[in-house]
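Trainee: Listed below are the residues making up each chain.
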Amino acid sequence: MTVTRRGALPDGPGPGAAYDVTVVGAGVVGCAIARELARYSLRVALVEASGDVGEGSSKANTAILHTGFDAVPGSLEARLVREGGRLLAAYARETGIPVEPVGALLVAWDEEQLAALPRLAAKAERNGHHGTRPVGAAELRTLEPHLGPGALGALAVPDESVVCPWTTPLAYATQAVRSGVDLHLDCPVEKVRPGGPGTPHRLITRRGVLRTRYLVNACGLYADAFDALVGRYDFTVTPRRGQLLVFDKLARGLVRHILLPVPGVLGKGVLVAPTVYGNVLLGPTAEDLDDKTATGSTAEGLAALRAQGGRILPALLDEEVTAVYAGLRAATGAEDYRIAAHPGLRYVTVGGIRSTGLTASLALGRHTVGLLADAGLELGPERPLAPVTMPNLGEAFPRPYRDAARIARDPAYGEIVCHCERVTRGEIRDALASTVPPASLDGLRRRTRARGGRCQGFSCGAAVRVLFEEGTR
Amino acid sequence: MERAVDVLIVGAGPAGLAAAARLAAAGAGRVEVLERERTAGGVPRHCARGGFGAFTGPGYARRAVRAAVRAGAVVRTGAGATGWAGPLTLEVTAPTGLERITARAVVLATGARERPRGARLVPGSRPAGVFGTGELQQSVELFGLRRERIGRRAVVVGSEPVARHAARTLRRAGVTVAAVVADRPRGPRLPGPVLRGATVVELVGRGRLSGVVVRGADGRTGLLRCDTVVFTGDWIPEHELARTGGVPLDRATLGPAVDPAFRTPVPGVFAVGNLLRGVEPAVVAAAEGRAVAAAVLARLAGAPWPGPGVPVAPEGALRWASPNRLTGPAPAVLLRPADRLVRPLLTVTQDDRILYEARLPGLVEPHRSLRPPTGWTADVDPAGGPVVIRLDGTGARPTPAPARSRPH
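These protein sequences, in sequence, are chains E and V.
Under full-length UniProt numbering, read the first sequence as residues 1 to 473, first letter to last.
Under full-length UniProt numbering, read the second sequence as residues 1 to 408, first letter to last.
Bound conformation, chain V alone (with noise of 0.2 Å):
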């Protein structure tokens, strides 16, 4: 079946959500969302804890499909995009049929996964057991399963906050947790015991897992016996849409490298939320939403798709930066460090000119991003180099960033 929309919207979490309430809101026709999970309102549906407003997950998920579908957007679930039959036509299977739709809009909110033990290159035997946080926490929080179905005796690897909430889905689930493995030397603090700059180097076990093989801070390796682990952490956007539509990604984040509007360099599609970069709070994601719509409505209204723009860089012990490009000023810019660092120096420039520079205060934590002032982003030079970001810690030597990166 071919149809058309005004706006289409791939993916019905905080983000795609938000923006879909805001266009429709706004009038911008029909704006349809389409997310191919039986139900929407995507991760925070399996957080049962805080940390979503005043809300827990799953009551913020709920409240973002309502809002969506209250300002007339149509939320379409179990409706999966499959590739593209156009510069702007998905293909769609859904178990009514098979849909060509085409969109005078895209948005592309397919949010982030993480990387799971292949991807890590974490050696050792394949015995069941091993888990990343969103099959355990689906299990446990949408299917109901409890120790006797998930495992006896874990230990969860990663040192970002959700090993945190992953420790905590295992307990009431009934698990015991017999360690976090964090691979960095401080972070976030966790409860239970913690092996501060610890790496797992090997899995045990034929059929069940059985243990898995430490090396601890001092070189020193030990097995801790487990029947189950959980990979935390370690985000990469849910990307494929977007390569598969010829959508350039940024070498740094991995995302679609967008513009302060959200716009990709493909005209016409836009991208939001963690799909970005890996995981910033739903929040964060839900403000990206409701941000892109000013973009997308005069997009509709007919104005001309920017140029390139200028490339943002970040360097020193910076990870990413986002947006990538810059096309005018930026009501927000996002910085993820690499390293934990006291009392660091931001420095922006822009063909060996300093637009910006600032000793930030107090620690930078590689789990959270750090939102300078964007002031400076209106004096970038349209027709200049690159515009450098850099972060550099006291007295310490820079750390470079990690060898990701995907040419484009």
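So that you can see chain E by itself, here it is in the shape it has in the complex (with noise of 0.2 Å):
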């Protein structure tokens, strides 16, 4: 089990060997992808820029579990999208990801938006979804009681589900360290000096060289920037920014389902949906950007939020924000991942990963290994996975602030430490103690929830710093 931050990268078990893959990009797909690796005998590097697993686009979307119901049919996506969902659906429960299937509606605010309703319908048939129906307004009024008026019916998508973004990514990662993979953070890498036949790649980084047979692109949002290291130009990712609004937990009496928008001709609208923590998400807004590091809200877009927040469910502009946030979504113009191989290269780019990411991230790294292989990577026999088990943060399962033979056990768990969250001193000390531990406040924040409720530190944030400095020292 190899996490390292800081100092020269490892050398090779022997002298001159060097890795069979290397992903760069631990995010959730970089992750999914080294987990499937992990089945086989090989020596396996997951490379990243930054100081966490799901610290770029990973840590900021809707946290929703697709069916893919409405993918571009016949493509890439909607296939990995079906079969990721299931694939995450069945892990999730394996490993204690927090999911709930709460359903989708779309919901039709105007007669344009109704008559599509029957067209969205059908493209989910073609998508292998065959569970939706059509939902009229007095129905609609009754699953969603807090809905603002004008709502003329609904199309139910059911087995749309909310997960938890932050769990999933560190759950591959998890169980990929601890199959064998060398997860390097902080690594950031500078250039790739790509090898002729019979010698490995060679990536330069901010911590020294990195040799490598064959190499996996999973950069997100700078997956092109990488192409570009090893001279391939297919295609750049805009990044395209989405502002959300997360609302206190008292909101989540205020929504059952996954309101979602029905797409249009001005835009695809925000959604307004649960969250497996508790809270009331709203957004995201769309905005197309040149930077990939714009990651901030924009006053403009926060007052946008909320009017289309306040025409869906009024109600939830009278309850407290708990938290803003902005993801960056890697678009490339085309309506479709960009996953390419090039088996001369032994170079797979995963580019392209738009929104969907998370859902079909496990379907992904099958099918990157897959590539792989076609490549002439020799995968040799499988070989079981190291088992996980994930805290939970869902507040749909059990905390252990109420399990009363987990706080007789361990009293550290009957310890609040974090009370908007119920976050106990257990939980923090297992986070800090854990196979790929938190490097900053934020990072234990994504594996417990501490200093993420409504008080954002102000009764907690003090005591859950000190035990971070001194579970890290």
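Since the hints were made in silico from the structure, they are not lab data.
A quick note: this is a predicted structure, and the numbers were derived from the prediction, not measured.
Cβ-to-Cβ under 10 Å is the rule here; a few derived chain E residues that face chain V: (1) Asp248; (2) Thr295; (3) Ser297; (4) Thr322; (5) Tyr401; (6) Arg425; (7) Leu441; (8) Arg451; (9) Phe458; (10) Ser459.
All residues carry an ideal CB built from backbone N, CA and C; glycine is no exception.
Fit the two chains together into the complex; they arrive one by one in their own frames, and the hints show the way.
Mentor: This is the structure in structure tokens:
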């Protein structure tokens, strides 16, 4: 089990040895690929520029586990989202990643949107999703009593779920590392010297040189820039910013389903959805930018969200906002993923993974390993992955602070440190001692939710910071 | 574990401890105070300044704990009330295990918190270095953090008195206070550079805060370089337990809607202190804690729970009024102006009948509550309509209350 954050990169097991495969980018996609590779007796490295897994687009999305009902039929994305959704749902049950199958309602607010619903139902059919059904205005009102006035009807899409976007890449990375993958964090790749036949690629990183026979680009927003390092110029990633508002847990009773907008000529619109943590999410905006670091929110974006949210669920605006965030989707101008294998280069680019990447991640892992095998990587026999059980952050599942037996065994689970989110000292201690420990307070928040609640640290911030600093010293 | 007590008080801050001391001394039976923090005393524990009677905050907190314990109350720390298992039964998590505690009377004294940056919808990036006063004061006063671990150059946001305390705490920790950004055009006196009528419109910085964009009173914006920002004031009652217990809130205060004896509409459930409306000084909260005792004792003795009473409606330049319902004469009424006004006119009416009218002397300020005489509360018609309390500035247009409301 190796996770490194500093110092020179470890050399191969023997003199001159190189990694068999290196995955660059430890977002949800890169982690899933590394986990899939860990099934084989290969030497695998997962290399990440930032200090944590899932630190880029993966940490800031709408946290929905899609069915893929509205994908472009016949596209690679449609297939991988469909497969990935099923795989992730099963994996979540196995590992304890919180998932709530709340179902979705595509709500029509005007005649045009109402007329579009049958087309969306037909599209869902073509995507292999046969469970949709039309919902009339009266039934819609009983399903969602707090909807704003004017909703004309809806298309119900059962099986759409909400998932924990933070635990998912962490579970993959944990399982990969425990199964033998080396995870190198804080390790930006600055240059690539592609190897010739029989010689490994050389990755010049800020922490030294890493040699690898096969290379996978899972760099998300920077997939185009990494492609350029190996001399490929197949597409350009345009960051599309999505700003989101997280409302207080006391608002959770206002919404029962994922309330999706009906896509139309005027853009995609925003959704209102429960989160597995028991909050309510409103967003995202959609703004095409050229700055891949512009993850800030804007006054205009937040005002627009509030205006739209107020029409969908008027009572939501009376509730407190817990947090505001923005994420960037990797748009490439194509309505599909940009996955390309370059067998001659022993190189696979997994690019253009848009907002569906979380859902598709496990299928993307399988697909990518298949491409590597096609490119000549000998996988050898499969072996079982090390088992993982993730700590539960979901409000619909037992949390340690309510677990009498657990507290009896270990009183640290009865010691609530972060009161808004009911995070105990035991959970913070466990996170700090975990396979992939947090490097920052934000990383600790994504593992435990500490400081992530309505007070944002007013009550617990100092105590949590001290525990973090003691635990990482 | 299932247990029963006579009075269960949630929150060992000034209000909860004062209630506990008075009730235990009056022979209310088993009086238990639950405190989720490791130490009892509430916010004064980390307010190392005067303004608590003759004490500094920590001294005041210690004295309040001692008084409650001496009177015979049980003060339990590290015990968090996490929800309700019945109308007067609380679920509690503590290192010793889970408990369900049923009481004959429950007093909620859970206090208030500041709205953090997100709740204020301040846009920008999400860097490290963003604090609230609570986190800052605890870091400095309870954990001894200094400049190296907090920051070098800070901006304080807010125009309530707590902004002054935050600035002082920063200086004591060795942090330079670059400026206080106070959104009010006038307001409390603050030391150091104060940008009045200014607002923070964006946070800038990756990883660590590198500055805040400020829009000045003249509408122009500029970047203030800093690595730390403290958002102060803008209080909201810590009302989670009240709401999950089905206690109706007042639309203006966002605290439980109480009558003059601090009874909520839920029989057996009382609410006192800063849970009622956000921050008043500790001595005000403690006085409410003492005042609730009479009604709690009456409840224990079997007195009937009064009906909803007559609602109190703050209007004009008033942000809120407390109590929120009148079920009889009120010994005290607190009013909070939304604006700074010179010699405003205060009127109290019910069904167009004037109960009280007076021009207040001098200046009223939005950071200080008013305590008008309450003789008129005896004249309220219990069968009548809402009691409208209205504050109007001289010649000035009345300012509407901020549109924060929650229907219940």
